[in-house]
Every structure is written in structure tokens, then in C-alpha cells.
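K.L.:
Sequence:
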Amino acid sequence: MEACPPAHSTRLQPQHPPRRGPFSLDASPRPLALYREKFRRRLPKSLDELRGPTHGVVDLPLHVAWSGMTSYDLGKPRQRMGLYRTVLHEGLDDDLPRYLNQDLLLELWPVLRTLVGRSVRAVWEDAFPQLASRTRTAA
1 MEACPPAHST RLQPQHPPRR GPFSLDASPR PLALYREKFR RRLPKSLDEL
51 RGPTHGVVDL PLHVAWSGMT SYDLGKPRQR MGLYRTVLHE GLDDDLPRYL
101 NQDLLLELWP VLRTLVGRSV RAVWEDAFPQ LASRTRTAA
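Be aware that the sequence shown starts at 1, since it is given in my numbering, and climbs by one per residue.
Heads up, a few of these hints could be off.
Below are the EDC-like pairs computed for lysine to aspartate or glutamate, each with C-alpha atoms no more than 16 Å apart in a straight line [as the list claims (entries may be wrong)]:
1) LYS76 - GLU107
2) LYS76 - ASP59
3) LYS45 - ASP93
4) LYS45 - ASP95
5) LYS38 - ASP93
6) LYS45 - ASP94
7) LYS45 - ASP126
8) LYS45 - GLU125
These are calculated hints, taken from the structure and not from any lab test.
The model shown is predicted, which means the values in this text are computed figures rather than measured ones.
Could you put the whole structure together from the sequences, leaning on the hints where they help?
P.N.:
Laid out in C-alpha cells, this is it:
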């Protein structure tokens, strides 16, 4: 018969070795890098590709607007900002040129950058320095 460790023992032996890999919870930067890469892969080659609408009502597909509003009136500043935030976070590479407009993005960016996550902000500003420069001129 095998002996059990005493009940008062404070040493616990792990049943399995700690997880290592892209989704481990260790302090490595790898999960953040993978998360940012998700957004980087979706970027257009140039902001010139962003030829989405500048006015009217935009209906987003469910794969983009899967939670909450799906219809946005670009004439209403809060809805316009909400549309851009949603598309930047959830849009796929085909969605970005379809729903985002270069001029509107540049106009909205100084405020919009405060509403999107750090990873989205960093990826877009790294890829398109004109976004980061708009932030400095707006400050």
C-alpha cells in the first residue's frame, strides 16, 4: 500500500509541467505579439484603399457587428465613431476598405485612438505614420 503525504504538508507537486507555447500564461511577450499579428494581417497596404462610405446608414454584417448595433448612421458622430471602432476591432481584411474611409479615419483618429485597444492603436500607428502624426498635431 502506498503512503499518502501528510495532510499538513504545504508542498504541492504539479501534476503537469507548466504550459509553454503561444497561449501560455507566463510573462513572455508571445501572446501579445500573436494578438497584434491578428490585426496586422488585416491591414490594407495603404490608407488609399479605404474607400468606404462618408454619409448615409451603414449596415455591418454579423461577423463584424456580432454584439450590439449593426446599423450606423454616419451623420451621427457617436454612431460614426462606434462604426469605426467596431470595424477596426472586428473587421476582416475585406471589411476594412468596404466600411472605412481614409479621410474619415484621419479626421476621427485623434479621438478614435483613445477608444480602441492598445494593440489596434499600435498596429495602425506603426503601419501608417500619418495617423500618429495627426495625434501629435491634435494635441
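K.L.:
Which of the numbered hints above does this structure break?
P.N.:
none
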